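**Q** Protein sequences, first through last, are from chains P and H. Quick note on the working numbering: the first sequence kicks off at 2 and runs consecutively. Quick note on the working numbering: the second sequence kicks off at 238 and runs consecutively.
Hints are computed from structural coordinates only; laboratory data are not their basis. Note that this is a predicted model, so its numbers are computed, not measured. For every residue, glycine included, the Cβ atom is placed at its ideal position computed from N, Cα and C. Wrong hints could be hidden among the right ones.
To be verified - Taking lysine-lysine and the BS3-like style, the derived pairs with C-alpha atoms no more than 30 Å apart in a straight line are:
1) P:LYS284 - H:LYS292
2) H:LYS350 - P:LYS392
3) H:LYS249 - P:LYS11
4) H:LYS262 - P:LYS11
5) P:LYS11 - H:LYS417
6) H:LYS419 - P:LYS375
Stated by the list, open to error - From chain H, some residues computed to sit far from chain P (all C-beta separations above 12 Å):
7) LEU259
8) GLY367
9) ASP408
10) SER416
11) LYS417
12) PHE427
13) GLU431
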Amino acid sequence: MMSMFTLAFKSIQSRKTTFFLTFFSIALSVMLLLSVQIIKKEANSGFMQPVSGTDLIIGPKSSQIELLLYSVFHIGTPNTLMEYKSYERIQSNKNVKWAIPISLGDSHKGYKVLSTNENFFKHYSYANGKKVEFRQGKAFDDMFHVVLGYEVAKKLNYKLGDNIVLSHGDTEVSFVHHDELPFKVSGILKPTHTPIDKTLIVTLHAMEAIHDDSSGHFMLRPVKNPNQHNVHHEDAHHDESHESEHGEHDEHHEDEYHEEHAEQHEEHAEHSENTFKENLSHKVAKKLKKLPEKISAVYVGVDSKSSILSIQRKINDNTQEPLSAIIPAMAVQDLWGFFDIVQVTLNIISILVVFIGLLGMLSLILMGVQNRRKEMAILRSIGATPFDIGKLIVGEAAIVCGISIGLGVVFLYVALFLSSQPLYDTFGFYLQIAPLSLSELAILALIEFSAILISFIPAYQIYKQSLVDGMNTQI
Amino acid sequence: MIELNNMQFSWKEALILDIEHLKIKANEKVFIQGESGSGKSTLLNLMAGVITPQKGEVIISNQHLSTMKSFQRDNFRANHIGFIFQQFNLIPYLNLLENIILPCKFSLSRKEKALKHSKTLEEEAIRLLGNLGINASSILKRKVSELSIGQQQRVAIARALIGSPDIIIADEPTSALDSKHKASFVKILFDECEKENITLVFVSHDESLKSHFQRCIKLSSINGVKAEEVE
Chain P
2 MMSMFTLAFK SIQSRKTTFF LTFFSIALSV MLLLSVQIIK KEANSGFMQP VSGTDLIIGP
62 KSSQIELLLY SVFHIGTPNT LMEYKSYERI QSNKNVKWAI PISLGDSHKG YKVLSTNENF
122 FKHYSYANGK KVEFRQGKAF DDMFHVVLGY EVAKKLNYKL GDNIVLSHGD TEVSFVHHDE
182 LPFKVSGILK PTHTPIDKTL IVTLHAMEAI HDDSSGHFML RPVKNPNQHN VHHEDAHHDE
242 SHESEHGEHD EHHEDEYHEE HAEQHEEHAE HSENTFKENL SHKVAKKLKK LPEKISAVYV
302 GVDSKSSILS IQRKINDNTQ EPLSAIIPAM AVQDLWGFFD IVQVTLNIIS ILVVFIGLLG
362 MLSLILMGVQ NRRKEMAILR SIGATPFDIG KLIVGEAAIV CGISIGLGVV FLYVALFLSS
422 QPLYDTFGFY LQIAPLSLSE LAILALIEFS AILISFIPAY QIYKQSLVDG MNTQI
Chain H
238 MIELNNMQFS WKEALILDIE HLKIKANEKV FIQGESGSGK STLLNLMAGV ITPQKGEVII
298 SNQHLSTMKS FQRDNFRANH IGFIFQQFNL IPYLNLLENI ILPCKFSLSR KEKALKHSKT
358 LEEEAIRLLG NLGINASSIL KRKVSELSIG QQQRVAIARA LIGSPDIIIA DEPTSALDSK
418 HKASFVKILF DECEKENITL VFVSHDESLK SHFQRCIKLS SINGVKAEEV E
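Turn these sequences into a full structure, and let the hints guide you.
**A** Below is the structure:
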């Protein structure tokens with residue numbers, strides 16, 4: 002028996018220009034449908050990875066999504082801070098295995114600065130138990146050491162020993178620089194595909210020092226720019242330092258408005274001479290070595306999973322300071338609850354688009370049925386059964402849809418490949434380009450199955466027709 | 238051998254064919270003459286087992302087609318009968334050789350017979366084309382739709398001949414050809430059927446071709462239903 006499939010394939014091959022739009026529209030819809038699934042899955046795991054090793058996040062009283070977003074993803078700014086004393090209290094809890102204090106708010110060329118202590122490198126883990134590792138150098142052993150996330154070092158081209166000045170606030174273009182107390186790059190991290198890649202990590206002591214003006218030491222320096230103007234920044238935290246910063250701290254030059262790119266270039270040129278040198282301010286700061294009074298949040302690991310809930314309750318009911326304790330994995334789920342609606346909508350749209358594509362294919366095949374009666378008569382004359390003729394049509398639909406699906410998968414991977422970097426830059430989640438999962442393959446199988454199913458309509462029509470027509474070619 | 242006994246066929250309750258007896262012996266070359274609308278196509282469809290009569294029997298090569306199931310008749314047709322149509326004999330999306338060897342894809346026995354002559358089916362197709370006076374290498378690369386009608390009809394003969402079926406049924410195969418080509422077409426068809434011991438049933442309204450045949454049957458004389466009634 003001639004494989005009707007081969008025949009169907011040749012028939013489609015001869016009409017590929019006719020089917021071109023069908024291939025294209027089904028392929029695009031397949032791509033759309035799959036990318037919705039993949040983006041959702043990848044975004045979910047991208048959001049889950051940085052918190053996978055953390056049992057609880059404790060911060061000032063706030064909504065769990067707010068706390069999660071700023072403490073882990075550095076999105077948004079907290080309205081209030083929590084007492085450092087609360088951190089110490091949390092750490093002393095017998096069920097708490099480890100606690101990492103973190104403080105946010107400053108930045109460096111658009112990258113966020115996280116201040117913490119040595120616990121971070123000891124205990125923080127991501128992506129199911131991976132510890133933060135160093136590509137070069139080591140964690141800070143000096144108060145003014147800074148550890149750079151992979152991307153920070155790569156994009157800004159920093160080396161070990163470089164001099165880095167942090168900026169106040171977390172906007173891309175900051176007007177206030179802590180340039181009296183620069184930092185020395187002591188380590189560069191390996192890529193983690195979490196927000197840490199885009200973070201500079203410093204000590205809590207240093208963070209306190211660059212914002213501390215109580216003694217007046219650090220701010221005493223000659224005013225460089227006579228055209229200075231005051232800057233009002235709205236950051237609610239680091240209150241203590243704000244007042245004094247006006248006037249003394251403002252040394253914004255016009256040229257800082259330059260594009261980031263240009264700025265980076267300037268910076269590169271300076272690098273060679275711009276190695277870290279300890280100054281007097283550093284020495285004074287180290288003498289004082291003050292800890293901050295306030296921090297942004299605390300990451301907590303517990304001794305056993307069973308104590309998570311009891312600690313959470315205890316923190317939330319805490320009377321000494323209004324605090325929120327969240328289970329990050331649950332908060333991420335909560336966050337995704339919102340995106341579910343978006344996903345369902347997108348799913349419905351892409352399923353409809355798939356069907357429109359399939360209907361386009363159906364109408365093309367149906368149109369062909371009338372024109373192909375002679376061809377069917379020839380096939381019947383050489384022994385094709387009416388059932389074979391039906392199979393030819395089903396085979397054609399299967400091939401058209403199969404090719405379209407293949408094309409759609411190619412489109413998908415091209416799109417994933419092209420969008421992975423922009424997605425990472427914009428939303429900070431790393432799109433892992435993996436082979437299709439079983440459920441995605443099931444979707445493809447379902448589309449193919451639908452194509453075959455709807456092709457029964459023209460197949461039945463041509464079957465009936467060839468029963469009537471027989472071998473009559475004079476139609 | 239083709240035998241029809243007391244056969245009646247109706248379409249939508251109108252009797253179209255009523256043939257008491259018709260016998261075509263093996264290796265015979267028969268011209269069946271009939272005007273259009275006289276039930277010619279119906280007769281061919283009955284002989285080929287595409288349709289079955291409501292009454293009577295159709296016996297081809299000692300097989301009763303009327304008792305077979307539809308798929309058995311299709312299979313039987315693939316194995317035993319080659320067809321040549323008026324025109325549009327070739328499937329546009331298959332190339333020349335694919336068109337010729339197509340029957341071998343539907344019939345194992347014809348494939349086996351074809352492979353007795355040549356090593357591959359393609360070689361056999363080229364050999365047949367050579368016999369029909371077509372130098373295959375000159376047109377092999379062309380699309381079948383680019384061939385002349387005369388060439389197309391000869392390719393159709395090659396397809397009907399491949400794997401030596403018992404019977405070749407030709408339905409107005411010359412109507413698209415001019416008179417010069419008609420004669421040579423009939424001659425070639427005759428020669429090949431002779432060589433392979435194939436029974437030839439040649440149906441046409443064109444009486445000018447009658448002279449080539451041993452036997453001529455006027456459809457209207459064997460059909461109990463008169464042409465006016467059929468129309």
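**Q** Do the alpha carbons of LYS11 of chain P and LYS417 of chain H lie within 30 Å of each other, as the hint requires?
**A** Since the Cα atoms of LYS11 of chain P and LYS417 of chain H sit roughly 35 Å apart, the hinted pair is violated (cutoff 30 Å).
**Q** Taking the shortest Cβ-to-Cβ distance between GLY367 of chain H and chain P, state whether it exceeds 12 Å.
**A** Answer for GLY367 of chain H: holds, closest chain P Cβ roughly 22 Å.
**Q** Can we confirm that no CB of chain P comes within 12 Å of the CB of SER416 of chain H?
**A** holds, 21 Å
**Q** Beyond 12 Å on every Cβ pair: is that true for ASP408 of chain H relative to chain P?
**A** violated, 8 Å
**Q** Taking 12 Å as the cut and beta carbons as the points, is LEU259 of chain H off the interface with chain P?
**A** The assertion about LEU259 of chain H holds, with a minimum of 19 Å to chain P.
**Q** Holds or violated: is the Cβ of PHE427 of chain H farther than 12 Å from all Cβ atoms of chain P?
**A** holds, 21 Å
**Q** Taking the shortest Cβ-to-Cβ distance between LYS417 of chain H and chain P, state whether it exceeds 12 Å.
**A** holds, 24 Å
**Q** Assess, step by step, whether the Cα of LYS262 of chain H is no farther than 30 Å from the Cα of LYS11 of chain P, and give holds or violated.
**A** violated, 39 Å
**Q** For LYS350 of chain H and LYS392 of chain P, compute the direct alpha-carbon distance and say whether it is at most 30 Å.
**A** Roughly 27 Å between the alpha carbons, so the hint for LYS350 of chain H and LYS392 of chain P holds.
**Q** Is it the case that GLU431 of chain H keeps its Cβ farther than 12 Å from each residue Cβ in chain P?
**A** Its Cβ never comes within 12 Å of chain P, the nearest being 23 Å, so this holds.
**Q** Would the pair LYS249 of chain H and LYS11 of chain P pass a check requiring their Cα atoms to be no farther apart than 30 Å?
**A** violated, 37 Å
**Q** Straight-line Cα separation of LYS284 of chain P and LYS292 of chain H no greater than 30 Å?
**A** violated, 117 Å
When each numbered hint is compared with the structure, violations occur for hints 1, 3, 4, 5 and 9.
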